[in-house]
Amino acid sequence: MARQDSLSCHFFNQIDVMKYTHVLIALSALAICSSCSSESEDLVVTMQTAQSMRSPKIIGVPEQASSPSILVKFDTAPTEHQLETLLGEDILTVERLFNSTPGKEELEAAYGLDRWYQVTIADTKDMEGAAEYLAAFDDVKIVEYDADYECVESNVCIPVTAEQLAQSAYGTSRASAELPFNDPFLVDQWHYINRGDVAVSPNVYKGADINVKDVWNTLTCGDPSIIVAVVDEGVKYNHPDLSGNMWVNEAEKSGKPGVDDDNNGYVDDIHGFNFVSGGEITWDKELDSGHGTHVAGTIAAVNNNNTGVAGVAGGSGKGDGVKIMSCQIFDNKRGGTVSVSVNAIKYAADNGASIISCSFGYPGGTFKSDGAYAKECQAEIDVIRYFEASRNNDVLDGNIAIFASGNDGDPYATYPGALNDIISVSSFGPDCLPTYYTNYGPGCNIVAPGGEYYANPYNIKGMVLSTYPSEFGEGDYAYMQGTSMACPHVSGVAALGLAYAKKMGKTFTRTEFKELLLSSANDIDTRLNGSKYSGNKTIDLYPYRKMLGTGSIDAYLFCMQIEGIPCLQAENGKKQWLDVGAYFGTSAVNLTYLDVSISDDDYQSLGLVEKPYMQYGRLYVHPTKLGSGRIKITAVAGGSIVGGEDAIGGMVMTQEVSVISRSFKSKNGGWL
Amino acid sequence: MKKYLFISLVCLLFTGCKKEQTEEESLNIVGSWHLTELSQIETRSVTIGKEAIDIYIHFIVDNSFHLYQKVGAGKFRHFSGTWELVDSKLSGMYDDKTMWGTEYDVMLNNNATELRLTSGGEEFVYIKEEIPHSVLSGI
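Note that the protein sequences, when read in sequence, are chains V and H.
Each number in this note's numbering corresponds to the 1-based position in the first sequence with 459 added.
Each number in this note's numbering corresponds to the 1-based position in the second sequence with 4 added.
Any given hint could turn out to be false.
Here are the computed lysine-lysine pairs in the DSS-like style, where the Cα-Cα straight-line distance is at most 25 Å [stated by the list, open to error]:
1) V:962 / H:79
2) V:1091 / H:79
3) V:1091 / V:1034
4) V:744 / H:79
5) V:516 / H:101
To be clear, the hints were calculated from the coordinates, so they are not data collected in a lab.
Since the structure is predicted, the reported quantities are computational estimates derived from the model, not experimental observations.
Based on the provided sequences and hints, a complete structural model is requested.
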């Protein structure tokens, strides 16, 4: 009996650090018993039979849910009469799971959000009975247990005070560092600008960062119209390095306390909302970890304010950073339910967020295909689709969801990030190598700095430095590690991309935007030789080859691609290989290519002798006419197969390049 | 008589030199140029197929040059290097030691406001024009 029925959902800041285990599991005890005796085997069979007899409409397992509610999805939007028929002795209330937002009714209906209801059960000891009762109604399509989350202790979060940071300037002097901003601890944030200082890591690799320096210097530092929702623990919105970049709901801020001034269904939601308690955002309770505040700082700590750290899209100190919305789904180690997390995501969609940064998910291996995930977590899928289809900026036709890939060290990403069209982020360290804890392989689309500490010699500077709640008495900043920390780097880069596209007057579909983002990556595979020692263990690097998505995120390359379709110059009359590395990232050589296509007109324009194709990351062309043509190159971002109903896999991405055929060409791309 | 002939010969030589220098002066390409026409086999425009081409070149008297190019979408890219004009043939090298992709035949119109560079069946027509600040600052 190999089936693992346990479900858990947790934050991804390093596996030891903190885990939010969601639920229990239908038959985990049963799996243990199964190897013990024939009596146990009989019991297993009995339970399996019972399990198999349940209605196929029911998804999830009852042990997941301590909340006295069950989620129900109807075939069609139900009438009042249909809802009333559900009520009975054991069914106390039936209410819409999602608030309906004026003006978005059509979109809500398109993704089925108008058909989800939350049913309150009188007797939580008989959740299965209640589920079966609900499933018996013809017009009920899905019955989903409202799973809980719980928090597991963390042990690798290193808070630091400003004084401590000032005393521990690493390596070469701070004065020698040419940094774009005056934030005093930007010098410690190797994940933005890695100067190759061995004080960060004995195996530090210069340039192992997100290549954001020149973006900040020459292109953009953010845009306050772009809102990133941190779906996580509460964000300390009055943190001195965050407050300037917090999203502010002006109607609530200037309204009356205790009143839903903007009539969006939430009271006093000035910087977001606490979906666990249904009230104020919190971050400093005894069992909180500061996770949300740390993630928020990576995305948009205020830059150039002579204070603390920098954030990827934190602006230039002129009020031009992107804005952070706190959508709190964990509170004092108590996790929310499915109903909590899905409402947090819908809130983000309905209140202006263009990106959700989600450093949580299920442990690796819980689901092995999109289909399996959909069978257990339909409400989550519906609301993620709804979020992406909502449009909260002038650049895209929708929004972008970004998830961490997980910290189990598994050779596949976790869900929801592993969904084939959702971005899932894995982690690398300051050595430009995968971190010891990161998930990798199918479903992992791209890698970003997640950091890692070194045990021998002990060094915390290889972790990610960001903002932290001082209420824990240990300073305003902390080092953490995990794909939880990698995820907000990509969220920040995506936000920078939106800001730059807006500045350039560019528009994209969200699919195009994701493709540009994923193809803006650098090679990491060529470094995957031998082994590395980290996390108190030696890791063989070879298994990670071609398993780290498209490579390491490159903010500058991303912005260059946003500027427009890249042009490659070819020499007329010659067979040649064109290097697309500058546009697909240097990881182009390691991608799995699915197709190369060109229109008939463009084929003729270039006088091609044969169809172009990709090999070893280069584009083969043989033009015989002076002219140009646009060529579409399709590859898999994350593994060698495309994910889908039956398997975890990568995302399909298509990049377009233009080839200009001239009678001559300069090797450096110069016109003359 | 011999003396006279000698003087005459010197005069002739001098005259010849002066004539050659005048031809060089007629190909004075120093200044800023903007690509306005680009010949292809079938078209004459500043596009190649679907791609718009925008090129500014500044030839400086010390034989250095600055090239600002936008090929297709995106921002202008800046290149610089050195140029040489010998016998109406223009060639050059970028600062990264990459040679130009070709050597051009050069023609200037009478008032030196139009520069024609030809090579390999392609003809490029540049007009004398200051490089806009937006191009320079966008680098």
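Results for each hint:
{"no.": "1", "hint": "V:962 / H:79", "in the structure": "holds (13 Å)"}
{"no.": "2", "hint": "V:1091 / H:79", "in the structure": "holds (22 Å)"}
{"no.": "3", "hint": "V:1091 / V:1034", "in the structure": "holds (19 Å)"}
{"no.": "4", "hint": "V:744 / H:79", "in the structure": "violated (50 Å)"}
{"no.": "5", "hint": "V:516 / H:101", "in the structure": "violated (70 Å)"}
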